[in-house]
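Trainee: Chains as they are written, first to last, in the UniProt record's numbering: chain X, 1 to 391; chain P, 1 to 640.
By construction, these hints were calculated from the structure, which means they are not laboratory data. Some clues are possibly wrong.
Simulated crosslink set (DSS-like; lysine-lysine; CA at most 30 angstroms straight-line) [what the hints assert, rightly or not]:
1) P:Lys455 - X:Lys356
2) P:Lys63 - P:Lys40
3) X:Lys356 - P:Lys558
4) P:Lys107 - P:Lys83
5) P:Lys110 - P:Lys67
6) P:Lys331 - P:Lys215
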Amino acid sequence: MTKALSKTFLIRHPSTLWVLASLGLFTLIVSVLSEAAGTGLISTSFVKTLGKTLCLCLIAIAMDVVWGYCGILSLGHFAFFGIGGYAIGMWLMYARTEAIVAQNLSANLIPPTDSEISDAIATQIFGVVGASEFPAIWAFSHSLTLQLLMVLLVPGLLALVFGWLAFRSRVTGVYLSILTQAMTLALALYLFQNDSGLRGNNGLSGLQNIPGFEATSQAVISLAFFWASALALALGYLLFAWVTAGKMGSVIRAIRDDEARVRFLGYQVESYKLFVFTLTAVVSGIAGALYYPQAGIINPAEIAPIASIYLAVWVAIGGRGKLYGAIIGAVFVSLLSSYFTGGSAPDINLGFYVIKWTDWWLVLLGLSFVAVTLLFPGGIASLFDKLARKQ
Amino acid sequence: MLRALLTVLTLLCLPAAVLAQDLQPLLQENQAQIAKPSRKKVGPVLDALVGSGLPQAQEFLEKWQGKEVYQRQEDGLFFYAVKGDGGLVLTDIDSGETATIDAKAMKQIKPNGGVRKAIGEALVQFQLSSPDLTRRQEAVTALARNLDPAQLGALEASISGETDAALKARKEQLVTYLTARFGDTPETRIAAINTLSGDIRVETRAVLSQILTTKTLSTQSQPDANVAGTLSLPREEAYALLVETQDLPAPLTNDVIRKALEANIEGGKVAGVSAASLNTIAARNTAYDALAASGKAPARVSESDITQALATWTIYEVYEDPDPAVTAAAKAAQDAVNTKVAVSQTADLALDALSLTSIYFLAAIGLAITFGVMGVINMAHGEFIMMGAYTGYVVQLFIPNYTVSLIVALPLAFAVTFAAGVAMERLVIRWLYNRPLETLLATFGVSIALQQLAKNIFGTQARPLTSPGWLDGALVFNDVIQISYIRIAIFVLALLFLALLLFILKRTRLGLETRAVTQNPRMAASMGINPDRIKMLTFGLGSGIAGIAGVAIGLYAKVTSEMGSDYIVQSFMTVVVGGVGNIWGTLAGASMIGTLQKGIEWLNPSNTLAAQTYMILFIILFIQFRPKGIVALKGRAAGD
Numbered sequence: 001m002t003k004a005l006s007k008t009f010l011i012r013h014p015s016t017l018w019v020l021a022s023l024g025l026f027t028l029i030v031s032v033l034s035e036a037a038g039t040g041l042i043s044t045s046f047v048k049t050l051g052k053t054l055c056l057c058l059i060a061i062a063m064d065v066v067w068g069y070c071g072i073l074s075l076g077h078f079a080f081f082g083i084g085g086y087a088i089g090m091w092l093m094y095a096r097t098e099a100i101v102a103q104n105l106s107a108n109l110i111p112p113t114d115s116e117i118s119d120a121i122a123t124q125i126f127g128v129v130g131a132s133e134f135p136a137i138w139a140f141s142h143s144l145t146l147q148l149l150m151v152l153l154v155p156g157l158l159a160l161v162f163g164w165l166a167f168r169s170r171v172t173g174v175y176l177s178i179l180t181q182a183m184t185l186a187l188a189l190y191l192f193q194n195d196s197g198l199r200g201n202n203g204l205s206g207l208q209n210i211p212g213f214e215a216t217s218q219a220v221i222s223l224a225f226f227w228a229s230a231l232a233l234a235l236g237y238l239l240f241a242w243v244t245a246g247k248m249g250s251v252i253r254a255i256r257d258d259e260a261r262v263r264f265l266g267y268q269v270e271s272y273k274l275f276v277f278t279l280t281a282v283v284s285g286i287a288g289a290l291y292y293p294q295a296g297i298i299n300p301a302e303i304a305p306i307a308s309i310y311l312a313v314w315v316a317i318g319g320r321g322k323l324y325g326a327i328i329g330a331v332f333v334s335l336l337s338s339y340f341t342g343g344s345a346p347d348i349n350l351g352f353y354v355i356k357w358t359d360w361w362l363v364l365l366g367l368s369f370v371a372v373t374l375l376f377p378g379g380i381a382s383l384f385d386k387l388a389r390k391q
Numbered sequence: 001m002l003r004a005l006l007t008v009l010t011l012l013c014l015p016a017a018v019l020a021q022d023l024q025p026l027l028q029e030n031q032a033q034i035a036k037p038s039r040k041k042v043g044p045v046l047d048a049l050v051g052s053g054l055p056q057a058q059e060f061l062e063k064w065q066g067k068e069v070y071q072r073q074e075d076g077l078f079f080y081a082v083k084g085d086g087g088l089v090l091t092d093i094d095s096g097e098t099a100t101i102d103a104k105a106m107k108q109i110k111p112n113g114g115v116r117k118a119i120g121e122a123l124v125q126f127q128l129s130s131p132d133l134t135r136r137q138e139a140v141t142a143l144a145r146n147l148d149p150a151q152l153g154a155l156e157a158s159i160s161g162e163t164d165a166a167l168k169a170r171k172e173q174l175v176t177y178l179t180a181r182f183g184d185t186p187e188t189r190i191a192a193i194n195t196l197s198g199d200i201r202v203e204t205r206a207v208l209s210q211i212l213t214t215k216t217l218s219t220q221s222q223p224d225a226n227v228a229g230t231l232s233l234p235r236e237e238a239y240a241l242l243v244e245t246q247d248l249p250a251p252l253t254n255d256v257i258r259k260a261l262e263a264n265i266e267g268g269k270v271a272g273v274s275a276a277s278l279n280t281i282a283a284r285n286t287a288y289d290a291l292a293a294s295g296k297a298p299a300r301v302s303e304s305d306i307t308q309a310l311a312t313w314t315i316y317e318v319y320e321d322p323d324p325a326v327t328a329a330a331k332a333a334q335d336a337v338n339t340k341v342a343v344s345q346t347a348d349l350a351l352d353a354l355s356l357t358s359i360y361f362l363a364a365i366g367l368a369i370t371f372g373v374m375g376v377i378n379m380a381h382g383e384f385i386m387m388g389a390y391t392g393y394v395v396q397l398f399i400p401n402y403t404v405s406l407i408v409a410l411p412l413a414f415a416v417t418f419a420a421g422v423a424m425e426r427l428v429i430r431w432l433y434n435r436p437l438e439t440l441l442a443t444f445g446v447s448i449a450l451q452q453l454a455k456n457i458f459g460t461q462a463r464p465l466t467s468p469g470w471l472d473g474a475l476v477f478n479d480v481i482q483i484s485y486i487r488i489a490i491f492v493l494a495l496l497f498l499a500l501l502l503f504i505l506k507r508t509r510l511g512l513e514t515r516a517v518t519q520n521p522r523m524a525a526s527m528g529i530n531p532d533r534i535k536m537l538t539f540g541l542g543s544g545i546a547g548i549a550g551v552a553i554g555l556y557a558k559v560t561s562e563m564g565s566d567y568i569v570q571s572f573m574t575v576v577v578g579g580v581g582n583i584w585g586t587l588a589g590a591s592m593i594g595t596l597q598k599g600i601e602w603l604n605p606s607n608t609l610a611a612q613t614y615m616i617l618f619i620i621l622f623i624q625f626r627p628k629g630i631v632a633l634k635g636r637a638a639g640d
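With these hints in hand, go ahead and build the complete structure from the sequences.
Mentor: Structure below.
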C-alpha cells in the first residue's frame, strides 16, 4: 500500500526522483572516494565539510517550505538548528566526560559514589565558567534517548509556543520576521551568559569524539555521519515534497499568496501556519543535531541572527518555492563561501589594487544577493526550469 | 588638649615668633630627651618645640623623625647630617652652614617607632596650620584618608585659624567624622552622628557603617555586649561558625571519611566490609562508624549532636561599639541616609533611562520614517549609522579642532547618508515596493556589503571619534546622581530632532505630501503629488538622520564596522513597539525600551546580557497584545 502510494507520488513528482537519485549517486561516489573506503581521494575533513553541507541543505529545504511555500520569512530557524546541536552536544559532552572521569576515579581504592562521579563530571565540564554543579537543564544529559527526544521536542515546543503567540495575534510580514529575529537574538544573548548552564561563550566542544567509539577512526565516523546526513536529507526531502504536494500544499501556497482570502474560504490559516512552522523547526533541530558532531564545536555565535539571515540568502539565491532550489542555493553559496573565505582562492591583481577574496567575498555576496533579488527572483533554480521548458 | 592650646597660642603669637630666633638653645634645654627620647617622656619636648613657634621646628621634627639628626660628641650640639665623601656633611640647624666632619665625632639619634609616631602627630599640627595652603590641603587629605582619633585635637585647633573657606568646611566635616567615631562622651558622639543624618556622601556612609561594624558572638546566655540581633544562618553554616568559635568537633566531610576508609583497608576490607561495596554515602558512613567504634578513627559528629549544639548556643551579632545609644543614633542616621540614597538612585536611574531613550530614539527615528511612509524595512539602516560615525572620524582626521570638526561632521554625515539613502532607494528599493519581504532581504544584502566595505577601508579595529573638551566630564549633582555631558548633548540632539521632524511633517509642504503618501499613495498621486519623489526624499531624510545619529553614538561608543548591527534590532523593536509611521509612537517605543532596559539592569546589575534577553522576551509578549504598537494608526493607513 505504502509502496504503491510512494511510487505514484514519485512518478507524479519527477523532480523528487531526480534529486533523490543524484543524492544517492553523490553519496556513493563520496563513499568510494573517501579515506574510510581506502581510496582516500577525498580527505576526511572534506567528507566532514560535505556532510555538514548536506545538513545545511536539510535546514535550507525546511526554510524553503516555511518561506518559499508558506510565505513566513522566519529569521529564527537557525536558532532551532542551534538548539538541536546543543541538545545532542550535551549528551556527547556528558558521556565523554563521564568516561574520562570514570577512568580517573578507577584508581581510587574505594569505588566512587554517584554524587562523586556527577560532581567530578560537572567540575570538568563547567570549570571554564567557574561553576561546579549541573544546571537543571542538564537533567537528561546522561541518556542518549532522552537527549535525542530533546532534539525534537525543544525546537518543536519553542516553535509551537512562539508560533501560536505570533499567528494568533495575526503578526505577519516584516513584523513577523523582526519578531523571529528578536527571538533568535534573545536566545543567542541568553546562551552567551556564563550562568546559562551551557558554558556561555565557550559553547560545547569536543563533539567530534563519539562516546563508545573511541577506537574508531575519524575517517569512519565522518563517513557514518555523512551517510546519516544524506539519509536525513533524503527523508526530509520526501517529507517536505509530500507536505507541499497535494491539497495541503495548495492551501499552504495559497496562504503565501493571499492569506485573507484563504481565511475567508474557511480554512484555519493559523493551524496550517503553525503546523508548517513547527514541523520545519523540528527538521531544523534534526539538521543541527547531525551538523554539530561533524563540526566538533557549537557556541552561541552560531545562533546569532546573522546566521538565520544567511539561511534566507541561500534559499533566495537557490530559488524559492522549489525544494531543489533551496538545496542548490545551500550547496552553491556555502561551498563558494568556504572556498573564498578559506584563503585558497587566488587574489586578483588589478595593477593599482589587489583584490583579496577573504576581504571582498562578503561584498560580492551582498551585492549579488541584491542582484538576485532584483533581477532573478526565481533564483538559480529558475534557470533549470527554463531549460526544462525549452526541451 | 594642652598641646592644642599651645598650638592656638602659637598661632596667636605668630608675628612675634617670626623674629629670628635660634632653635639650638631650646634643643639644648631638652638635650637628654632629644638625644635619647622615650615614648612616655617625649610629649613635653614636642609641646615645647611646637609651642616655640620657630620656623625651623618643623624641619627639625621631620629630620628627627627621619633619623637625620646627629649630636656632636664633644659639646652635645645637634646638627643635621648626611653621609658624604670622607665623613658626614653637617648642616647647622639655624644658620644652614655646612661642614664635613669625621663620622666618629658624631652620634646619630635614632628615635624608636613610638617616638617617631609621636613626632608625626606633632608634625600634623604644623602641617594643618601651615601658612602654605597646598600643605594644609595635603595634610587634610592625608587625614581624611586615615581617620586617626589622635589628630582630633590638632584638627579642631586648626579650624579657627583657617582662612580658606572650603578647607575650613572640609576640616569641620572631618572633625564631625572624628567626633562621631571617636568622641570622648556618648553625648558629643550622638550629636555629631545626628548631624550626619541624611548626608549621602560616600565618606559619611563609610563613617556610619564603621560605627555600626558588627562581629558574631556565640554564647549560651544573654551576651554582655551591645547586641544588634541574633543571627539566623542555615544549619551547616551555623554549626561551622560554632566549630570555629567554640572548640566543637567539626563534622567530617565525605572526603575525610573516604580517606580514613582508604587508609584502613586491609586485604580489600574495611572494618569487615568489602571496600568494593562502599559506593554509597550510607555504606561508607556505616563502615566508618564501625571503624570509629574500634578506635581507629575519630567519631563522626551526628546530626543530633549538631541539633543539640545549635540549641545550646545562640549566635548573636554584636556591635563592636559598646554604647547602645550611639549605635542606635548611628542606625537611625544610616536609615535616613539609605532612604535618601535610594531616592537619589532612582533619580540617577531615571537619568540613565532618559539618555538611553534618547539614543534609541535617535537610532530609530530615521527607520520609523522610512518604514512608516513606505512600509519597507531597511536592514541597512544600521550601516547608515555606521557611515555617519565614520564620516565623523574622517572629518576629525582633516580638522584637528574637535569642536569645529563636530560642527562640520554633523551636516556632512547627514549629506553623505542622505545621498546613500537616495541612491539605495533609486537603485534597489523602488523596484521592490510590492514585495516588502524581498526589500528586507535586498537591503540586507546592501548591509553585508557595506559592513565588509567599511572593514576593508577602515580595518577591524575600533576608531576613536573624540568629543570636544567641553563635552568631557559629567554633571555631578551629588555622590549618587551624575550624568556625563555627552549624554546630555545626545539628549538635547534627540529633542532637537523631535522638534525638527515634527516641524517638517506638520508645517511644511514636504511634510504634508509625505503624510498624504503615507495615508493613501494613490489618492495622493491623483491630487498631483509625485509619490516617487516623496518616497525618495523621505528615504533620504530617514537615512540622513541615521547618519547624524551615527555621529552622536560614535561620540560615546567606539566606531567599528559592526556598530550598526548593535543598534539595528533595538531600532526595529523601538519602531514596532512604538507603532509604525508616527514620531510620537517612536518616542513612546524608545522610552519604553530604554526605561525597561535600565530597570532590568538595575534589578540585575551584573548582567547586561540577561537584561537584553528579558527585554526582548518582554517585547515579543508585548507585541502579542498590541500587534500594531503603542500608538497605532487607524483607518486605511493601518494597512491590511
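Trainee: If a hint holds in the structure, say so; if it does not, say that too.
Mentor: How the hints compare with the structure:
1. A hinted pair counts as satisfied when its Cα atoms are at most 30 angstroms apart, and P:Lys455 with X:Lys356 qualifies at roughly 13 angstroms.
2. For the hint pairing P:Lys63 with P:Lys40, the CA-to-CA distance comes to about 20 angstroms; that is within 30 angstroms, so the pair holds.
3. Between the alpha carbons of X:Lys356 and P:Lys558 the distance comes to roughly 27 angstroms, so the proposed pair stays at or under 30 angstroms and holds.
4. Between P:Lys107 and P:Lys83, the direct Cα distance comes to roughly 12 angstroms. Compliance with the 30 angstroms bound is thereby established for this hinted pair.
5. Restraint check: the Cα-Cα separation between P:Lys110 and P:Lys67 comes to about 5 angstroms, which is no more than 30 angstroms; the hinted pair holds.
6. For the given pair, P:Lys331 sits about 16 angstroms from P:Lys215 by alpha-carbon distance, which is consistent with the 30 angstroms threshold.
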